[in-house]
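Based on the hints, put chains B and C in the right spot on chain A.
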Amino acid sequence: MTETSPSFPKDLIDLDDLTPGQITCVLDAAENFKEVSEREIKKVPTLRGKLVVIFFHENSTRTRLSFEVAAKRLSADTVALSASGSSLAKGESLLDTARNIEAMRPDALVIRHGASGVPGFLARRLKFPVLNAGDGAHAHPTQALLDMLTLREVKGRLEGLKVAIIGDIAHSRVARSNMIGLVKMGGRVAVAGPPSMLAPELAEIYGVEVYARPEPALEGADAVMMLRIQLERQSGALFPGAREYARVYGLNRERMKLAKDDAIILHPGPVNQGVELTPDLYDDERSVILPQVTNGVAVRMALLCLLIDNPDKE
Amino acid sequence: MTETSPSFPKDLIDLDDLTPGQITCVLDAAENFKEVSEREIKKVPTLRGKLVVIFFHENSTRTRLSFEVAAKRLSADTVALSASGSSLAKGESLLDTARNIEAMRPDALVIRHGASGVPGFLARRLKFPVLNAGDGAHAHPTQALLDMLTLREVKGRLEGLKVAIIGDIAHSRVARSNMIGLVKMGGRVAVAGPPSMLAPELAEIYGVEVYARPEPALEGADAVMMLRIQLERQSGALFPGAREYARVYGLNRERMKLAKDDAIILHPGPVNQGVELTPDLYDDERSVILPQVTNGVAVRMALLCLLIDNPDKE
Amino acid sequence: MTETSPSFPKDLIDLDDLTPGQITCVLDAAENFKEVSEREIKKVPTLRGKLVVIFFHENSTRTRLSFEVAAKRLSADTVALSASGSSLAKGESLLDTARNIEAMRPDALVIRHGASGVPGFLARRLKFPVLNAGDGAHAHPTQALLDMLTLREVKGRLEGLKVAIIGDIAHSRVARSNMIGLVKMGGRVAVAGPPSMLAPELAEIYGVEVYARPEPALEGADAVMMLRIQLERQSGALFPGAREYARVYGLNRERMKLAKDDAIILHPGPVNQGVELTPDLYDDERSVILPQVTNGVAVRMALLCLLIDNPDKE
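Chains as they are written, first to last, in my numbering: chain A, 10 to 323; chain B, 10 to 323; chain C, 10 to 323.
For the record, the hints were derived by calculation from the structure and aren't laboratory data.
Hints should not be assumed to be uniformly reliable.
Copies of the same chain look alike in the list, so a pair counts if it works inside one copy or between any two.
Straight-line C-alpha distance at most 27 angstroms; calculated DSS-like pairs for lysine-lysine [said to hold, decoys possible]:
hint, residue 1, residue 2
1, K19, K43
2, K193, K43
3, K136, K43
4, K164, K43
5, K52, K19
6, K164, K193
7, K269, K164
8, K193, K269
9, K19, K193
10, K164, K266
For reference, chain A alone in the conformation it holds in the complex (with noise of 0.2 angstroms):
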């Protein structure tokens, strides 16, 4: 399976850093992990004595427990920083603490960070892999794996397809680990949002298609990503309220009748029901956000496995 990859970097930071072969790859090695979750005993020794350092800044649920998880059914050993606790409280600089742990000889550090950067800065210091799993509005490029994965896993192929992608687009670090991921696989994208959340230098930079309302990026979408609203760092700036929002840019029976009719819907989660979408739609035959979630895992597994067990590494 590494084989087909025969540099695959040390690091991943973001979409960038890939090829579209090695983007294939990771979905092909994901796949196949998927069914180790699905086993009696959900377990590989794969990375058996191999230590995964989870540095998590942020607040999260989903990403750190999957991350764990995926270590975890690959026999990986996990110890987790958070910024409470470590000696970041003592103000020793970040590189400092980075490069203390890495003189413990860990396998791969995943961090997720506020500022955008901060984990390629770690990279290029560092002489281990460094996985982000988000940094700042920057990237979040396992997020945008599990969502290929998804799509492609219901669809069949990425390329060709049309993916509407709903929100602040211009703060988020999942659609522009998407934007880039997707038109990267052949995949034709058209964002949406309010104009506070939009930049139209987007089109240029990233290929994709640009629009103020909704409508357009969902005609004819094979799939729709909703974007997750900032409700707790919103101070009413970039929109009026949630129920404004709901109005005009949120994902409705009606408004998905404007898609294709086997269209599925994407959220990268926490989903504020009601807003971003309606309740019913969440629980919709269409909607695949909790198998993105099962595909988040499988995604980790083959990135930690492909870091970890990288041929290429000296």
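For chains B and C alone, coordinates are given in the frame of chain A:
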């Protein structure tokens, strides 16, 4: 062992869920597992490759640790989740969090929550086993089972034993689960506490004797279970103060003479020494407070096995 | 290996507890364990089925992580406990918490506490091994042992070495444990620091040389150990400020010339770069600050083994 419980329930929310035969089955299994914790290598492979999610919304040393140790001694993997640091801090509903966890294919959820009914609510909506580690003033079934294991171990039986439970009966999940369990097993339960901590309906609902003073409850008792006074939660509303409480309801050598000569003393911990009981009784040979903790690990090992390796689950 | 330490103590509270022969035994064992962290599969089955409880009351990255990694590389299980989230938040005494932990049959307790004497207090009351991971201004024996391992590794011996320790000698558990250990092993220790951070009694109690200025301590030293200035704890009482401190006591290239040509630089971390030492020295080839961290894992592996597999315990 599991053969003798032909329809063990999917979840354990309270002792209502178990028949007397099933309670005996849990206690027998726990008795067998006790030996594992005394070995040189304190580990059996029973739950290898299984994942136990431990989700505590309230402070706890003993119970959380006890479940973690139980899971690890069975070779299961554990992942921990707390309210802070989870997506709940982003406003996600508890059910959404639980369904997301479910999508990662865990084998059991151990949950403690401040609100009565939460574990049962989740259990009805999730396909995998839910184990209540204490919910509000509702139930604490693993505590009651470890209490019963301790009683049975010392007294050789549960049937016909008189157990006095003294303290804040009305607001105690420990008292409630013990009343249900002990009466179900043929025990005789006498409860006592200040009027603000009793409810006359208890007699009828649970089939127990209710007294306003500890003396008649202690009279001829085989065991005395002192409940923790929640000093940290009291605003002085339920009783005048710790000293007054100790004088009227606290256990001391004098009062202990009312019980049988070979009566034992239980407490779910943490103990407020000098309030619920005098320090000399905590260390008295009749005290089984620390053996209760040892038994807690064994009871939780038994329950994890019975729920996860449940032959009745589809 | 353990044969050479016929009466290894039940606990490790400070280096007072160990004879020179036992210290050598720990360092030899650690040297052997270093190799495990460099393997492809970084794990040995030595402590399989053993439970290590890690109880940190103070912030720490390095030490907590180092113990967790050490335990996992020996195949032990670990459970972590912090002050918040534990029953201590319910007002339970530390001893009660520890006795409850004991009742769950752990194999070792690793404890860090802000109050001097706490690990020793618990060790005398618990039947299982207690390992001091730092208590107040009292002792930090695993740090001193990893410092000694690093020194011995580079210099080939400890006897006859001159080690300068510079900083807040009077309030540093690192300094205290190192003074005891190094003098015990035949080293010569010279300490220096501002008057508010020294005590004239040190010379007599520990058999070290005490200087008010760094220069005479550095003179001809084989190694320089810079202590961390607790900027976060200082209210300006002990020294005028970080800049003034750096100018008079900080290590720089110029001052380093006083030491031997092949002198090495140690620091327990986290380093305040530009305060205790200039950033160029942190990255200098004479700096062994990161090798110290690597050695920390090995020393803790050795100690966990020697305490848990102690042939002398009844």
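Quick rundown of the hints versus the structure:
Taking the shortest Cα distances, K19 and K43 sit within 27 angstroms of each other both inside one copy (24 angstroms) and across copies (25 angstroms). Taking the shortest Cα distances, K193 and K43 sit within 27 angstroms of each other inside one copy (24 angstroms), while across copies they are farther apart (44 angstroms). When the C-alpha separation of K136 and K43 is checked against a cutoff of 27 angstroms, the pair qualifies only between copies, where the shortest distance is 19 angstroms, while the shortest distance within a copy is 30 angstroms. Proximity of K164 to K43 under the C-alpha cut-off of 27 angstroms is restricted to the intra-copy arrangement: shortest distance 17 angstroms within a copy versus 50 angstroms between copies.
Within a single copy, K52 and K19 get their C-alpha atoms as close as 25 angstroms, and across copies as close as 23 angstroms, so both meet the 27 angstroms cut-off. With identical chains, the CA atoms of K164 and K193 are at most 27 angstroms apart within one copy only, with a shortest distance of 17 angstroms there and 55 angstroms across copies. In this assembly of identical chains, the alpha carbons of K269 and K164 lie at most 27 angstroms apart only when taken from the same copy (12 angstroms versus 70 angstroms across copies). For the homomeric pair K193 and K269, the shortest alpha-carbon distance inside one copy (22 angstroms) is at most 27 angstroms, but the shortest distance between copies (59 angstroms) is not.
For the identical chains of this complex, K19 and K193 are intra-copy neighbours only, at 20 angstroms inside a copy versus 46 angstroms across copies, given an alpha-carbon limit of 27 angstroms. Taking CA atoms no more than 27 angstroms apart as the test, K164 paired with K266 passes inside one copy only; the shortest distance there is 18 angstroms, against 69 angstroms between copies.
In summary, this structure violates none of the numbered hints.
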